[in-house]
Amino acid sequence: MPVQRIGLRFASALSLSFILGACSNNTMNGVFPNTQQETGQSNPDACSSSSLIQNRFIVKWADGHTSVESGENAETFKRKFIAPRMGKITHVEFDQKLHIQQEQTPAASPNVDPPPNWGQDIVQASSAWNAGINGQGVLVGVVDAAVDYTHPQIKPRLAANLAEVNGKSGIDDDGNGFIDDLYGWDFEQNVPDPHKIIYPMPVNPADDGNIHGTHVSGIIAADHKTGKMQGIAPEAQIVPANFMDSSGSGSLGAAIQAIEYVSSRGVKVINASWGGSSCSQALKTTIAGLAAKNILFVVASGNDFHDLDMVPDYPANFTFDHQITVAASNSNDILTAFSNNSYNFVHLGAPGQTIYSTIPGPAGYKNLDGTSMATPFVTGTAALLWSLRPNATYAQIKQAILAGTDYRSFRVKTQGRLNISNSINALKQMLPQ
Numbered sequence: 024m025p026v027q028r029i030g031l032r033f034a035s036a037l038s039l040s041f042i043l044g045a046c047s048n049n050t051m052n053g054v055f056p057n058t059q060q061e062t063g064q065s066n067p068d069a070c071s072s073s074s075l076i077q078n079r080f081i082v083k084w085a086d087g088h089t090s091v092e093s094g095e096n097a098e099t100f101k102r103k104f105i106a107p108r109m110g111k112i113t114h115v116e117f118d119q120k121l122h123i124q125q126e127q128t129p130a131a132s133p134n135v136d137p138p139p140n141w142g143q144d145i146v147q148a149s150s151a152w153n154a155g156i157n158g159q160g161v162l163v164g165v166v167d168a169a170v171d172y173t174h175p176q177i178k179p180r181l182a183a184n185l186a187e188v189n190g191k192s193g194i195d196d197d198g199n200g201f202i203d204d205l206y207g208w209d210f211e212q213n214v215p216d217p218h219k220i221i222y223p224m225p226v227n228p229a230d231d232g233n234i235h236g237t238h239v240s241g242i243i244a245a246d247h248k249t250g251k252m253q254g255i256a257p258e259a260q261i262v263p264a265n266f267m268d269s270s271g272s273g274s275l276g277a278a279i280q281a282i283e284y285v286s287s288r289g290v291k292v293i294n295a296s297w298g299g300s301s302c303s304q305a306l307k308t309t310i311a312g313l314a315a316k317n318i319l320f321v322v323a324s325g326n327d328f329h330d331l332d333m334v335p336d337y338p339a340n341f342t343f344d345h346q347i348t349v350a351a352s353n354s355n356d357i358l359t360a361f362s363n364n365s366y367n368f369v370h371l372g373a374p375g376q377t378i379y380s381t382i383p384g385p386a387g388y389k390n391l392d393g394t395s396m397a398t399p400f401v402t403g404t405a406a407l408l409w410s411l412r413p414n415a416t417y418a419q420i421k422q423a424i425l426a427g428t429d430y431r432s433f434r435v436k437t438q439g440r441l442n443i444s445n446s447i448n449a450l451k452q453m454l455p456q
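Sequential numbering of the sequence shown, starting at 24, is according to this note's numbering.
Hints in this document: simulated from the structure, not taken from any laboratory.
Please note that the accuracy of each hint is not assured.
[Said to hold, decoys possible] Pairs of lysine-lysine residues, derived as BS3-like cross-links and limited to a Cα-Cα distance of at most 30 angstroms, are as follows: (1) Lys389 / Lys307; (2) Lys251 / Lys178; (3) Lys248 / Lys451.
[Unchecked claim] Just the calculated beta-carbon pair ranges, DEER-fashion: (4) Thr342 / Ala85: 24 to 30 angstroms; (5) Pro455 / Thr308: 42 to 48 angstroms; (6) Met453 / Ala85: 35 to 41 angstroms; (7) Gln212 / Asn367: 34 to 40 angstroms; (8) Arg431 / Glu92: 45 to 51 angstroms; (9) Ala360 / Asn153: 31 to 37 angstroms.
Every residue gets a Cβ at the ideal spot worked out from N, C-alpha and C, and that includes glycine.
Produce the complete structure using the sequences and hints provided.
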């Protein structure tokens, strides 16, 4: 049966997709959605029953954490799980499926590919590197598909969880609820992420879940000393949190738990290169809570060439002060044919077509297209700016990024494209030493 979907934000032949539930309070009955939502009839934004996992539920607790629980059905879950815990639970909704689907309009390839690091050049990333601004000391959360921990340009940039690295195997040495999370966590299988053997590549190397997380991570922070890819913030550290399996399938509940995990590890900025057509109250609450931790949330606008004023897409359409939504531009310095846009919901453009970056394997590199690729350019820029001014607020980092754009008459709030040199100057003016 057909389902609405949310997708990884790159415009290859395939994209990962999953449903988000409605955000309207009218769909809620106490802490649990109206059971009419099971049929998608209680609100136009509600999910169809075919998109929901009818025996699995996302539970938001009063202490702020999220769990994913199982039950025979909604009514039984209300009676046996929710009712005895009413004072401790703030919100419950159905967990939802993730699926890979064909992209209707893959990005057209240029007649001649631009140079591998054209995106870094056009946003003037070298102005930061030449000044010794490399993202040093900044932790970046990558909530995505699995990351190849063994890639020579990614391995040096992993943020080690020292309590676990120096602790005992099989023991939760830091008491965070995750045993042996040396670098990150796999919320799809609920195990430490480094267990994954990503290389050699599977039979179908085009599967989005096999390459997406590694590609995004390389754009953000690939180490310049260990390979040919120029990460935007080459001394930043990555905290990976996977919520998909190797084929690109996962769930909304796992994505929310991944966001909470990286935020608990002390990241300053989170990269979210995914999104969808309707919204979840649980996701909205989770993202809202990042502001209190001074975390910037950077999200892809989507690849459907939609005006987000007319066709909402979440989390891109959230309007949090600590969120930046990114469109994709190409080497001709125009918005790509696939990028979503909006004067109200999308903030700026960044390079997102024919973007060269790391993929799994010791010599793994590939060009990919999409707002998935544009988003980590902005995430990496935030890491650069925080390494320049470690005490800056997310509002100041966001203001500097948006103030620094080069005007290109893009259909976004700033009408501009990311310029790292300008953003550095803007932050220096805002926060002189």
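Report the numbers of all earlier hints that the structure fails to satisfy, in ascending order. 1 and 5
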